[in-house]
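Below are the chains, spelled out letter by letter.
Protein chains: 2
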Amino acid sequence: MPGSFLDRSASQFLDELASSAPVPGGGSTAALTGALAAGLVSMVGNLTVGQKRYADVEEEVRVLLDQSESLRRRLAGLLESDTQVYNSLSKAYKLPRDSDEQKAARTAAIQMALKEAEAVPMQIAEACVQVLDLCTPMAEKGNRLAVSDAGVAALLAEAGLRSAALNVLINLAYIEDEVFVRREQAKLDGLLEGKAQLKEQVYELVVSKL
Amino acid sequence: MPGSFLDRSASQFLDELASSAPVPGGGSTAALTGALAAGLVSMVGNLTVGQKRYADVEEEVRVLLDQSESLRRRLAGLLESDTQVYNSLSKAYKLPRDSDEQKAARTAAIQMALKEAEAVPMQIAEACVQVLDLCTPMAEKGNRLAVSDAGVAALLAEAGLRSAALNVLINLAYIEDEVFVRREQAKLDGLLEGKAQLKEQVYELVVSKL
Numbered sequence: 001m002p003g004s005f006l007d008r009s010a011s012q013f014l015d016e017l018a019s020s021a022p023v024p025g026g027g028s029t030a031a032l033t034g035a036l037a038a039g040l041v042s043m044v045g046n047l048t049v050g051q052k053r054y055a056d057v058e059e060e061v062r063v064l065l066d067q068s069e070s071l072r073r074r075l076a077g078l079l080e081s082d083t084q085v086y087n088s089l090s091k092a093y094k095l096p097r098d099s100d101e102q103k104a105a106r107t108a109a110i111q112m113a114l115k116e117a118e119a120v121p122m123q124i125a126e127a128c129v130q131v132l133d134l135c136t137p138m139a140e141k142g143n144r145l146a147v148s149d150a151g152v153a154a155l156l157a158e159a160g161l162r163s164a165a166l167n168v169l170i171n172l173a174y175i176e177d178e179v180f181v182r183r184e185q186a187k188l189d190g191l192l193e194g195k196a197q198l199k200e201q202v203y204e205l206v207v208s209k210l
Numbered sequence: 001m002p003g004s005f006l007d008r009s010a011s012q013f014l015d016e017l018a019s020s021a022p023v024p025g026g027g028s029t030a031a032l033t034g035a036l037a038a039g040l041v042s043m044v045g046n047l048t049v050g051q052k053r054y055a056d057v058e059e060e061v062r063v064l065l066d067q068s069e070s071l072r073r074r075l076a077g078l079l080e081s082d083t084q085v086y087n088s089l090s091k092a093y094k095l096p097r098d099s100d101e102q103k104a105a106r107t108a109a110i111q112m113a114l115k116e117a118e119a120v121p122m123q124i125a126e127a128c129v130q131v132l133d134l135c136t137p138m139a140e141k142g143n144r145l146a147v148s149d150a151g152v153a154a155l156l157a158e159a160g161l162r163s164a165a166l167n168v169l170i171n172l173a174y175i176e177d178e179v180f181v182r183r184e185q186a187k188l189d190g191l192l193e194g195k196a197q198l199k200e201q202v203y204e205l206v207v208s209k210l
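Those sequence lines, one after another, are chains A and B.
With the working numbering applied, the first sequence corresponds to residues 1 to 210, in that order.
With the working numbering applied, the second sequence corresponds to residues 1 to 210, in that order.
For reference, chain A alone in the conformation it holds in the complex:
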């Protein structure tokens, strides 16, 4: 089906997700989850800036809001990228393999496409970490009436991060370049480290302010 997944209705996106079509799948959903988290951070920001009661934190919240809006656009873009790299990988798998030369060329093309495919969920993971990092200051400074939305943002940013991680790992499982795999695994471990605890800290902060 042509066109952007972001142009589909939410209802249609869910129908295509549930179908046996390979995209959208877990990778695109990780990006969408991160974008929803960023959107909720922005919502708290937009309910704070311009409010007299929050005039003293306005500048700080405006900076957080700029960052969450930038991350929301980035994650929406990564949702589309995820479906594009899937198509490249799918094309590589369909290359001919009649001769030894063709087999070698096909293997090389698949390996290159796998590395490109792995880069997308890694970028989704990085962006989700950045969204999660915005949740504590937004829950602390933002409009208290919307504090639960900052909490939901933290839950979704962390779930988006770990969903992206699974999609990094499934690509790494097929990549033969061991140096690349070790480097990416270390990068992923670094992104995941301490994030489940950070999410719980935001959750507790939010519950204390309800």
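Do not rely on the hints blindly, as some may be mistaken.
When chains are identical, the list treats them as one kind, so a pair holds in a single copy or across two.
What the hints assert, rightly or not - Below 25 Å or equal to it, Euclidean Cα-Cα: the simulated DSS-like pairs (lysine-lysine) are:
1. K94 <-> K115
2. K209 <-> K195
3. K91 <-> K187
4. K209 <-> K187
5. K103 <-> K195
6. K115 <-> K187
7. K115 <-> K209
8. K52 <-> K94
9. K141 <-> K52
10. K94 <-> K141
11. K91 <-> K141
I should point out that these hints are in silico values taken from the structure, not numbers from a laboratory.
Take the given structure of chain A and dock chain B to it, following the hints.
Only chain B this time, still in chain A's reference frame:
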């Protein structure tokens, strides 16, 4: 803005989420997250049924698929319900409060609307638990090539559950009927119990099968 949120494009849903408009917010997002999780369980199911290699588990997977599709529809419906109860609550807050009679009537209307508003995220939480319960058998029996999607489903179902929990708690914070609050708090605690661990179990199962 009139019409169903599910009819909006994903892009427009994200824009409205990020805006200062009170809906969609964290509650609707919890329902959408649960629906995405259910959609991913269905995707694994749809990639399994009708496949020769999985003929021996076909009947079992078909039952799981029926359940995930039913939960997906239910969570999509709850997304809409969440915006409707918000509107009822908003109307109650706008009732006149010039006389003592009006004040008493307004307070009673707000308390009733709060109980109705609390019921929706509780139902979202219940549905998310049911989606999470489908993830282990689907990761065990379903098409192994899509096992990471069952893992993402578990991450999102648990995040949807906890997001819904925050939205139950924010309503309970304003409800004066202490018997009701205690009963609902106990119900919520029961829904949350052991679910973070269950999600981690599915995650480990999925990683072991990558």
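Here's how the hints hold up against the structure:
Proximity of K94 to K115 under the C-alpha cut-off of 25 Å is restricted to the intra-copy arrangement: shortest distance 17 Å within a copy versus 56 Å between copies. In this homomeric assembly, K209 and K195 come within 25 Å of each other (Cα to Cα) both inside a single copy, at 21 Å, and across copies, at 24 Å. Neither within a single protomer nor between protomers do K91 and K187 lie at most 25 Å apart by alpha-carbon distance, with minima of 28 Å and 50 Å respectively. In this homomeric assembly, K209 and K187 come within 25 Å of each other (Cα to Cα) only across copies, at 22 Å, whereas the closest approach inside a single copy is 34 Å.
For the homomeric pair K103 and K195, neither the shortest alpha-carbon distance inside one copy (42 Å) nor that between copies (46 Å) is at most 25 Å. In this assembly of identical chains, K115 and K187 lie within 25 Å of each other by CA distance solely inside one copy; the values are 14 Å within and 46 Å between copies. Taking CA atoms no more than 25 Å apart as the test, K115 paired with K209 passes between copies only; the shortest distance there is 20 Å, against 44 Å inside one copy. Taking identical chains as interchangeable, the C-alpha atoms of K52 and K94 lie at most 25 Å apart only when they sit on different chains, with a minimum of 22 Å there against 61 Å within one chain.
Taking identical chains as interchangeable, the C-alpha atoms of K141 and K52 lie at most 25 Å apart only when both belong to the same chain, with a minimum of 14 Å there against 56 Å between chains. Proximity of K94 and K141 under a CA criterion of 25 Å is satisfied in neither setting, with 53 Å inside one chain copy and 27 Å between copies. Taking CA atoms no more than 25 Å apart as the test, K91 paired with K141 passes in neither setting, with 49 Å inside one copy and 28 Å between copies.
Figure legend: structure checked against the earlier numbered hints; hints not met, in rising order: 3, 5, 10, 11.
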